[in-house]
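In the order they appear, the protein sequences are chains A and B.
The numbering used here applies: residue 1 is where the first sequence begins, and numbers increase by one.
The numbering used here applies: residue 1 is where the second sequence begins, and numbers increase by one.
Treat the hints as calculated values from the structure; they're not laboratory data.
All the pointers check out, no bait thrown in.
If you want the footprint, here are the derived chain A segments under chain B, 3+ residues with CB under 8 angstroms: (1) 123 to 132; (2) 150 to 160; (3) 186 to 200.
No residue lacks a Cβ here, since even glycine has one placed at the ideal position from N, Cα and C.
Number of protein chains: 2
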Amino acid sequence: MNQVIEVMKQHRSIRKFEEKPVEENLIRTILEAAQHASTSNFVQAYSVINVVDTSKRAQIAELAGPQPWIEQCPLFLVFCADLKRHDKACGMCGMEMVKGYTEQFIIATVDAALVAQNTMLAAESLGLGGVYIGGIRNDPEKVCHLLDIPDLVYPVFGMCLGYPAEDPQLKPRLPLDIVLKVDRYTDATEQVQLSSYDQVCCDYYNQRECANRDDNWTQQMSRLMCREMRPHMRAFLESKGFPMK
Amino acid sequence: MNQVIEVMKQHRSIRKFEEKPVEENLIRTILEAAQHASTSNFVQAYSVINVVDTSKRAQIAELAGPQPWIEQCPLFLVFCADLKRHDKACGMCGMEMVKGYTEQFIIATVDAALVAQNTMLAAESLGLGGVYIGGIRNDPEKVCHLLDIPDLVYPVFGMCLGYPAEDPQLKPRLPLDIVLKVDRYTDATEQVQLSSYDQVCCDYYNQRECANRDDNWTQQMSRLMCREMRPHMRAFLESKGFPMK
Numbered sequence: 001m002n003q004v005i006e007v008m009k010q011h012r013s014i015r016k017f018e019e020k021p022v023e024e025n026l027i028r029t030i031l032e033a034a035q036h037a038s039t040s041n042f043v044q045a046y047s048v049i050n051v052v053d054t055s056k057r058a059q060i061a062e063l064a065g066p067q068p069w070i071e072q073c074p075l076f077l078v079f080c081a082d083l084k085r086h087d088k089a090c091g092m093c094g095m096e097m098v099k100g101y102t103e104q105f106i107i108a109t110v111d112a113a114l115v116a117q118n119t120m121l122a123a124e125s126l127g128l129g130g131v132y133i134g135g136i137r138n139d140p141e142k143v144c145h146l147l148d149i150p151d152l153v154y155p156v157f158g159m160c161l162g163y164p165a166e167d168p169q170l171k172p173r174l175p176l177d178i179v180l181k182v183d184r185y186t187d188a189t190e191q192v193q194l195s196s197y198d199q200v201c202c203d204y205y206n207q208r209e210c211a212n213r214d215d216n217w218t219q220q221m222s223r224l225m226c227r228e229m230r231p232h233m234r235a236f237l238e239s240k241g242f243p244m245k
Numbered sequence: 001m002n003q004v005i006e007v008m009k010q011h012r013s014i015r016k017f018e019e020k021p022v023e024e025n026l027i028r029t030i031l032e033a034a035q036h037a038s039t040s041n042f043v044q045a046y047s048v049i050n051v052v053d054t055s056k057r058a059q060i061a062e063l064a065g066p067q068p069w070i071e072q073c074p075l076f077l078v079f080c081a082d083l084k085r086h087d088k089a090c091g092m093c094g095m096e097m098v099k100g101y102t103e104q105f106i107i108a109t110v111d112a113a114l115v116a117q118n119t120m121l122a123a124e125s126l127g128l129g130g131v132y133i134g135g136i137r138n139d140p141e142k143v144c145h146l147l148d149i150p151d152l153v154y155p156v157f158g159m160c161l162g163y164p165a166e167d168p169q170l171k172p173r174l175p176l177d178i179v180l181k182v183d184r185y186t187d188a189t190e191q192v193q194l195s196s197y198d199q200v201c202c203d204y205y206n207q208r209e210c211a212n213r214d215d216n217w218t219q220q221m222s223r224l225m226c227r228e229m230r231p232h233m234r235a236f237l238e239s240k241g242f243p244m245k
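Bound-form chain A, shown alone (with noise of 0.2 angstroms):
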């Protein structure tokens, strides 16, 4: 087809890294791309902070996990959601910013994930692999004390980035016709579509040659959402300024 859908189409989580670095240049050149995505009424709402300190990686490493791909990845970068930037344009004008509603959380959490989904991309298409990280969402305070990440800022994920020493196979989504909708939101044949697409979840699982196991998308999806998520989320997003008004 393309580059650009080829790249897309072969994205899978790379954890495991050869141990050569990435050059400070390319690291430029691929962030530099991922800067144009779009973004909420020009806020650019966002902030990348590349972990270089092994003794911080590895404490992130820990509370995400541990994930030890974290402490052993060449680029390891957080991005932020980042509303002190404008805090500030608004300080050096001479005006007040009105703060602390959920409309400004969702516009700087979506303007990170788009430079980060950017992000990924470049580096595919440079050879490089990686994964996003969730993980540091486990223990977020703690992230911000160790990046010195201020109020109005906080970190959405992190990002794994490096040469892969790995090729998994891919993860096949959800077939497109349960996704797109047209004119309204029906999901009348959706059971019976979950249930053939958890079939192809679990051919995929018997058949992967790491981690192989018994299992498909809607036991996955049960087990992950019966239980409480992260409930400590809410009062950490207010204790840094997005009381989500």
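We have chain A already, so just place chain B on it with the hints.
Then chain B, alone, in the frame of chain A:
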């Protein structure tokens, strides 16, 4: 460099389109590639609604601004954060979903954003252009009503796509050295950096062919941020099953 990087760096918002439709199989190619985006714990917590109905388009165009390109564009997609499918998966496995956490809201919102950014890039790689429409959050209740969007689903943003009938200039992003930090969040020099960036933006606004104006980034942000931003969002989200516990 390579096509992925080039497509990213050529991104501009496109709001004027040729009358040429986007073929059904092209829509599928784009979205099937986009679906390979990373997803937290494989949840794939999003749905996409392709709005074809002209009356629905007209009403969304009105409430979002008005933004007439929503009515005029060949393809208008609404990206939803969707946890309803997971509730169903729990039911299929005889389990009960534990709902309402801020964390789940973040996961679903980020998942929708990652798929959307892939969609934009895949489309651009095939000669299309487009623009995100955050304006659907002006009246998300009405959007839900028009598109039958149920509880545990919310429309995050829309996206207009089509063959470009305009060729706007590239908009200068924040310098990488402002957004990229190493090991810790620092913004000691940001005010000086923002002043230089203001000059870059000022030159851009003065020179651009359409909507030439005297403006800069901090001024723009201070105008945007010194007023209440969609203060209805919190109550709306609660009403849709996202109480942000």
